[in-house]
Amino acid sequence: MNEIIRNAQEKDLPVLVELLNELFSNELEFSPDPQKQFQGLHALLLSDNGNILVLEIDNEVIGMVSLQYLISTFLGGKVAQLEDMIISKMYRKKGYGSKLFSHALSYAREHGCLRVTLLTDYNNEIAIHFYESFNLKKSPMIPMRIVF
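Take 1 as the starting number for the sequence shown in my numbering and just add one per residue.
There could be a bad hint or two in this list.
[Stated by the list, open to error] FRET-style restraints, in silico, Cβ to Cβ:
#1 Ile126 to Gly76: 31 to 39 Å
#2 Ile57 to Lys137: 28 to 36 Å
#3 Glu110 to Ile146: 27 to 35 Å
#4 Ile4 to Pro140: 21 to 29 Å
#5 Lys137 to Leu46: 30 to 38 Å
#6 Lys11 to Tyr122: 29 to 37 Å
#7 Leu75 to Pro14: 35 to 43 Å
#8 Lys137 to Lys11: 32 to 40 Å
#9 Asp58 to Met144: 36 to 44 Å
#10 Met144 to Leu114: 17 to 25 Å
[What the hints assert, rightly or not] Derived pair list, reagent style SDA-like, types lysine to any residue, alpha-carbon separation capped at 20 Å:
#11 Lys11 to Ser72
#12 Lys89 to Ser47
#13 Lys99 to Met85
#14 Lys89 to Asp48
#15 Lys138 to Ser98
#16 Lys99 to Thr120
#17 Lys138 to His111
#18 Lys78 to Ser47
#19 Lys11 to Val61
#20 Lys36 to Leu13
#21 Lys78 to Leu136
#22 Lys99 to Asp48
#23 Lys93 to Gly50
#24 Lys94 to Leu23
#25 Lys89 to Glu27
#26 Lys89 to Asn26
#27 Lys78 to Glu22
#28 Lys138 to Gln81
#29 Lys93 to Ile57
#30 Lys94 to Leu119
#31 Lys137 to Lys89
#32 Lys138 to Pro32
#33 Lys99 to Lys36
#34 Lys89 to Asp12
#35 Lys11 to Asp48
Hints are computed from structural coordinates only; laboratory data are not their basis.
Just so it is clear, the structure is predicted and the values come from calculations on it, not from any experiment.
We put the beta carbon where it would ideally sit given N, CA and C, even for glycine.
Just need the whole structure built from these sequences, with the hints factored in.
Quick look at the structure:
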């Protein structure tokens, strides 16, 4: 098996939209909207403020994760918001999620990020355990948002 982790390209957008559809179908707060997901992914590909990493096996994209960059005034530098972590259902429980997530953390560190933050559903014990296995800690802060 030929396995690589690389930056996403425009040609990957259709399969990335499919992966997000799978992800958002299982999240409490979101529901899939392929047109919006395509627009968001395309904007992120063109942006200097983020990266989409894909895991490819034998020329097939089977997973993705995105990093979006901000400046933390507390830390005095660049930080990353990690989003859209997903491995296609048929490839789960085979170590691919760990490889992709570990690579994303290393990528963020190597590109000057001082912290990585992510959100996960409060009742997704599998995801919480997965992230804790990489030494991520629950924050006492709670997310709040308004959608326009």
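(message) So if I understand the rule, the pair passes when the alpha-carbon distance is 20 Å or less; does lysine 89 with glutamate 27 pass?
(response) holds (14 Å)
(message) If I claimed the Cβ atoms of glutamate 110 and isoleucine 146 lie 27 to 35 Å apart, would that claim hold in this structure?
(response) Cβ of glutamate 110 to Cβ of isoleucine 146: about 34 Å, so the range 27 to 35 Å holds.
(request) Compare the distance between the alpha carbons of lysine 89 and aspartate 48 with 20 Å, and conclude whether the hinted pair is satisfied. (result) Violated - the C-alpha atoms of aspartate 48 and lysine 89 are around 30 Å apart, more than 20 Å.
(message) Hinted pair, alpha-carbon criterion (20 Å max): lysine 11, aspartate 48. Please report holds or violated.
(response) Roughly 19 Å separates the two Cα atoms, so the pair holds.
(message) Hinted pair, alpha-carbon criterion (20 Å max): lysine 89, serine 47. Please report holds or violated.
(response) violated (29 Å)
(message) Holds or violated: lysine 93 and glycine 50, Cα atoms, limit 20 Å.
(response) violated (27 Å)
(request) Could you tell me whether the CB distance from lysine 137 to lysine 11 stays inside 32 to 40 Å? (result) Because 37 Å falls inside the window, the suggested range holds.
(message) If I claimed the Cβ atoms of isoleucine 57 and lysine 137 lie 28 to 36 Å apart, would that claim hold in this structure?
(response) At roughly 31 Å between Cβ atoms, lysine 137 and isoleucine 57 fall inside 28 to 36 Å, so the hint holds.
(message) Need the status of pair lysine 138, glutamine 81: alpha-carbon distance at most 20 Å?
(response) holds (15 Å)
(request) Measure nothing beyond the straight line between the CA atoms of lysine 99 and threonine 120; if it is 20 Å or shorter, mark the hint as holding. (result) holds (19 Å)
(request) Take a quick look at whether lysine 89 and aspartate 12 sit within 20 Å of each other, Cα to Cα. (result) holds (18 Å)
(message) Given the hinted pair lysine 99 and aspartate 48, is their Cα-Cα distance within 20 Å?
(response) Distance of about 24 Å is beyond 20 Å: violated.
Hints 4, 11, 12, 14, 17, 22, 23, 27, 30, 31, 32, 33, counting from the list given before, are not met by this structure.
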